[in-house]
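K.L.:
Given next are the chains, with one letter for each unit.
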Amino acid sequence: MLTTALILTPFIGAAISLLAKGNNSRYVALLVALIQLGITAAILGSFIPENGVQFDQNLAWIPSLGINYHVGIDGISLIMVLLANIAAPLIILSQFNRDIDRSHIYNALILFMQAAMVGVFVALDGFLYYIFWELALIPIFFIMLGWGGPNRQAVTLKFFIYTLAGSLFMLVGFILLYIQSDNGFDHTALVGLNLDGDLQLLIFGLLFIAFAIKMPIFPFHSWQPGAYTEAPTQGTMLLSGVMLKMGIYSVFRWILPIVPDAVAQLQGLLITLAVIGIIYGAWIAIKQRDIKTLFAFASFSHVGLIAVGLFTNNAMGFQGALYQSLVHGINAIGLFYCADIIQNRLGDRLTEGKGGIRLVAPWFATLFAIVMLGTVALPLTNGFVGEFLLLIGFAEYSVWFAAIAGLTVIFSAVYMLRMYQLVILGENNTSSNFTFTDLFASEKIVLVILALLVIFLGVYPQPILKLTEPAVMQLLQQINA
Amino acid sequence: MNALILISLLGIAVLFAGIFNLKNRSIYLAVMGLVAAVALNIGDWGTNVSYYNNMVQFDNYALAFSSLMTITTALVLLLGFHFYKNGDGSTVDLYALMLFTLVGGICLVSYSHLAVLFIGIEILSIPLYILAGSKRDSLSSNEAGMKYFLMGAFASGFLLFGIALVFVSTGSFHLAEIGSAISSGSVENKGVLSVGILLMLAGFLFKVAAVPFHFWAPDVYEGSPTLVTGLMATVVKTAGFGALYKLYQGSFANMEGIWFDALWTVAAITLLVGNISALYQKGIKRLLAYSSVSHAGYMMLAILALNTQAGNAIFFYSIAYSVATVAAFALLIAVIDLRGTDTLEAIKGLGHKKPFLGFAMSVAFLSLAGIPPMAGFMAKYYLFKTAIEMNLIWIVIVAVISSIIGAYYYLRVIATLYQKTDGETNPVSFDWAFYSVVGLTLVGTLVVGLFPEQLLTILG
Chain A
1 MLTTALILTP FIGAAISLLA KGNNSRYVAL LVALIQLGIT AAILGSFIPE
51 NGVQFDQNLA WIPSLGINYH VGIDGISLIM VLLANIAAPL IILSQFNRDI
101 DRSHIYNALI LFMQAAMVGV FVALDGFLYY IFWELALIPI FFIMLGWGGP
151 NRQAVTLKFF IYTLAGSLFM LVGFILLYIQ SDNGFDHTAL VGLNLDGDLQ
201 LLIFGLLFIA FAIKMPIFPF HSWQPGAYTE APTQGTMLLS GVMLKMGIYS
251 VFRWILPIVP DAVAQLQGLL ITLAVIGIIY GAWIAIKQRD IKTLFAFASF
301 SHVGLIAVGL FTNNAMGFQG ALYQSLVHGI NAIGLFYCAD IIQNRLGDRL
351 TEGKGGIRLV APWFATLFAI VMLGTVALPL TNGFVGEFLL LIGFAEYSVW
401 FAAIAGLTVI FSAVYMLRMY QLVILGENNT SSNFTFTDLF ASEKIVLVIL
451 ALLVIFLGVY PQPILKLTEP AVMQLLQQIN A
Chain B
1001 MNALILISLL GIAVLFAGIF NLKNRSIYLA VMGLVAAVAL NIGDWGTNVS
1051 YYNNMVQFDN YALAFSSLMT ITTALVLLLG FHFYKNGDGS TVDLYALMLF
1101 TLVGGICLVS YSHLAVLFIG IEILSIPLYI LAGSKRDSLS SNEAGMKYFL
1151 MGAFASGFLL FGIALVFVST GSFHLAEIGS AISSGSVENK GVLSVGILLM
1201 LAGFLFKVAA VPFHFWAPDV YEGSPTLVTG LMATVVKTAG FGALYKLYQG
1251 SFANMEGIWF DALWTVAAIT LLVGNISALY QKGIKRLLAY SSVSHAGYMM
1301 LAILALNTQA GNAIFFYSIA YSVATVAAFA LLIAVIDLRG TDTLEAIKGL
1351 GHKKPFLGFA MSVAFLSLAG IPPMAGFMAK YYLFKTAIEM NLIWIVIVAV
1401 ISSIIGAYYY LRVIATLYQK TDGETNPVSF DWAFYSVVGL TLVGTLVVGL
1451 FPEQLLTILG
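Line order of the protein sequences matches chains A and B. Residues 1 to 481, numbered by the working numbering, are exactly what the first sequence covers, in order. Residues 1001 to 1460, numbered by the working numbering, are exactly what the second sequence covers, in order.
Same shape as in the complex, but just chain B:
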């Protein structure tokens, strides 16, 4: 809770910093504030306090997820030094908006009342609509903002309607009370409840870009400024799954049938459609968009399993995915600067020209592909194991096949990096913040992959 207040205030402080034209220094302010927020989370560890008549609850789950998102946001902000190098004073507003997005994300992993869930989703989304369209002179950025807003508004509508129906049938907005109403069998109208659950699920699937609600993702990802896309691919996805798991684990776990079949189907087609579509992308940014779709499919395995390890499995997967994705987007920014565009054609030979960047990109993509000893492998392994222990063999087989398809497009990027033919390389220099983000994510990917014990058991 302290962290939540701190980050909210931080966002306002950064907005004020804009008045005094503290362009770069506002990043220092924001990053230091986020580090302090993580420290507060660590201080609160194990306290399990709830606030506002039990509407938000900061247990270890909430603290762990909010720390992860806070760190991810800090890394994205650090990339701002390079990305907004030539930006004017108004870039400070964007940093503030990113912080507000994070506030929404923290609400999403700490709610225990559905009103907070809805407020959290809106706090998360509204800054993102603006951020997506923040490259004002770019048509595709405007398109992205508009598209994201329209689709997001629909999704919010679905979610709200779903919440209303769940309330009608169970008589409560509280996760625990909904859960006990369902498990005690006191729900009068099961049909209404099922429709409510499915509508809520649809709302979530929009947010995490799962098939068949993923159509906005590639265009929005491609049109938005790359830094914003990085934030969408990491924080939004982590928050979305953190919230979805809380919802199912807290309320719907004993609801037999309908949601399970729906989620199973969605997971399977998300995995296949996400990975197969990614095969046909020529641009790396679009490729990462589809890759992000497919990773939503993997994370759904844990929600299907819903056993004692599932929360930890989602958390660990989010760590591995966020770290590798931040690295991938940092390097994507570098690629676009160095070669002008992000097509596969453009990155030929870049690995030879810029050995460190090539190495870092290889590690990030190998991790996304799930190759040991990178973190992405451990995460995938843990998910598969969790799912197989709940006898979900077939969906794991689908996930394995998708991983094989996935490996192809990730490795094709690496292979293209090391082709002999050479493109024109623009003379661009990168600052310390850029290199430290790449370095940290690189080390993080390897360390989390090789020594996962602490993180695998952090949520018990």
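Same shape as in the complex, but just chain A:
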């Protein structure tokens, strides 16, 4: 019941927010997101990591096609649900002092998106999962289309067609799985299938295209920088903070336990692609002048490392990938928010002609620094824990490869610190009466919460790791069975 409540609350909230007049919808949306957070806390409170799938509910939906409404939460789902539901109130709060026209529709779409993404993370029936996966595409399509930057139409269509293409191949993959399994689409049934090698490869290919596009993994990434840059800030936060985790989660849920032999066979290729993505993304990020585009490529590069973790086939790598998903979500939201604040104050997001912000806006400069250091994976920040786990996991696979991937930490220090130095530090030499209003209350709340999360998850990762550990162990058993 609680799981269903997690899906329904934002849906209903979206409807209410549509009815609210003008800016009132923000308060409605925030309230709904906080209720949702409350439900998440209740689930977290009574969740027992060792018990596998919990809070599950299984109702017949389209019995003639073997489709059920089956939802439930295990450790892997929970961490993603946690991310989505922590992110949503922050994302809603992040537009409180911005002027957004048709704000009621905007907020409704954000909540709609949250509902669909939570649905993806808790669905245990392949078909239901697919419906939620596609459903998440509709609100972000309209968010980008209605509130995006000047070049949004082309970019939005590209994004949509790219992801839809992946999804349709995934659908064919699921139909093949359905035909193999007599019990329909149920996750447990699909895990127990023991498919033969060629079929595994075919299904892996069909599913992986969809997930690789969503994350994205090199060379399926070309929709991403444009979409991140053109989307409105909240859209970018949803995309990079939560939506790309749908791809990572899906590999955990629908690829690793179902077609493990195919993954083992292609491990080298997959890891190579991911490593290329790490280096390539970082290389381009170094050359960027637009802060938002820089963060977009940084995100692409960091996700490459998470993708490596997915395919290392060991506990450290899996744990790291899950932890880093949460971390990356928090950091990405923070970074894109900082870019938005700079744009809001100065009218553009270029790294040139800035500087001196630290002198006039110490709150902003400090909080920005904390979030940025989290991304750079400084020890005692959240990024360090995630990337450390990932690199250990990777080293179990290959030390040399891990050393190359480890460059991501150095690279990200290069582009992040340089950007920070150019934009925030130093003297402003363009105008004598330089003004930069420090954070407004709502901005301060968002960034303080994010900074606290950066530090807390960096200092004390144990509770989160304990949540996912039994699920990861079970997954490893399924893979090696």
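No wet-lab data here; the hints were simulated from the structure. Where a beta carbon is used, it is the ideal one built from N, C-alpha and C, also for glycine. You may find that some hints are simply not true.
[Said to hold, decoys possible] Stretch by stretch, here's where chain A covers chain B in the computed footprint (C-beta under 8 Å, at least three residues):
#1 1372–1378
#2 1452–1460
[To be verified] No farther apart than 27 Å at their CA atoms in a straight line, the calculated lysine-lysine pairs in the DSS-like style are these:
#3 Lys1135(B) with Lys1023(B)
#4 Lys1085(B) with Lys1353(B)
#5 Lys1353(B) with Lys21(A)
#6 Lys1354(B) with Lys1282(B)
#7 Lys1135(B) with Lys158(A)
#8 Lys1420(B) with Lys158(A)
#9 Lys1348(B) with Lys21(A)
#10 Lys158(A) with Lys1354(B)
#11 Lys1353(B) with Lys158(A)
#12 Lys1282(B) with Lys1353(B)
#13 Lys1420(B) with Lys21(A)
#14 Lys1420(B) with Lys1354(B)
#15 Lys1135(B) with Lys21(A)
#16 Lys466(A) with Lys21(A)
#17 Lys1348(B) with Lys1085(B)
#18 Lys1282(B) with Lys158(A)
Keeping the supplied structure of chain A fixed, place chain B upon it in accordance with the hints.
P.N.:
Just chain B, lined up with the frame of chain A:
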């Protein structure tokens, strides 16, 4: 059968209503009659009666398809209030012709004798030739009528010739007898039979506008009055596929080889040509014409699969497609009224000006593109599943690629609706009938998409 008689009489009654100049009231009469016809169909459900020496058979398949077409026609007629707002008394004739088209459609899904098939096609087509050219002062409408008539006459010729050849080789006009002749191997001249089947197929492909017999479709769709185009895109396509499936399932299922390869090829090129051509259309009406071509390609997957679910798959697809297409044409009428033309350029910003219409149009086009949770997705999924279960992987892959191309042009329409630049909007008001059609199709698209269980199993 009762429904068929009722609708025939209804058509005549509506013609008489024209004499008394009951312009709008004749729509009430027609729609109420159609609702009664659906009720009669529901009453006949499960009876499976055949008439006239077994020449027509009203089984559940026929009843389901005729109910769908009846409802679609009723929705199109309701749009007549708005579309023929300024029409003179002669518009009543057009309503009667639409009803006669429906009569032809019902013959097509209930025949079990090839003579009825041919009569049905003619009853369906002749009113449509007139309807296509019914905008008498418009050159393109005249052209559409003429073109449709010439092409249709050719297609009928092919079909008739095909029927004759099938008769020559199997000795029967009855579906079941043809089927048993083929499966028992008693056919003497296989070559003649194959040519007959291919000629019949060609006739059908004309009617449902499949590549390479689709060239008439864009011009006829564009030239005909929009309401008539709506009827063509829905009822004619449903009837055509209802009839084609009956033919293959009843007679040719055991005929190995030739028809399967021909249909496979036609399906693949229909999907690709329809979708790729649609990419280059500047007008929404022409775009919908090519979209209708491409949907014929999807529906052919079920005929290729021809297993126990195939009939249901076609039926479900027809529902989803008809509902979304009626909505799309209703909104196209609105777009043309509001902006003067139907080009993509003209609809910029309309979604902001008219939020409800924009929303409805988005839902209709998302459904046509096959995005969940709309009905179009369920329909496509069911078709793909049916086809994959019969090991038709490659044609499904072609269909998937076409869907991706298709999504682009459908979504481009939506994207243009929500552009910031604004065009001139004419002050037009829409009546209750218009809004109820849009509302019903909107709700229908979502409900059928989310709760398809009953409809997926209706034909067993």
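K.L.:
Hint numbers the structure violates, sorted upward?
P.N.:
7, 15 and 16
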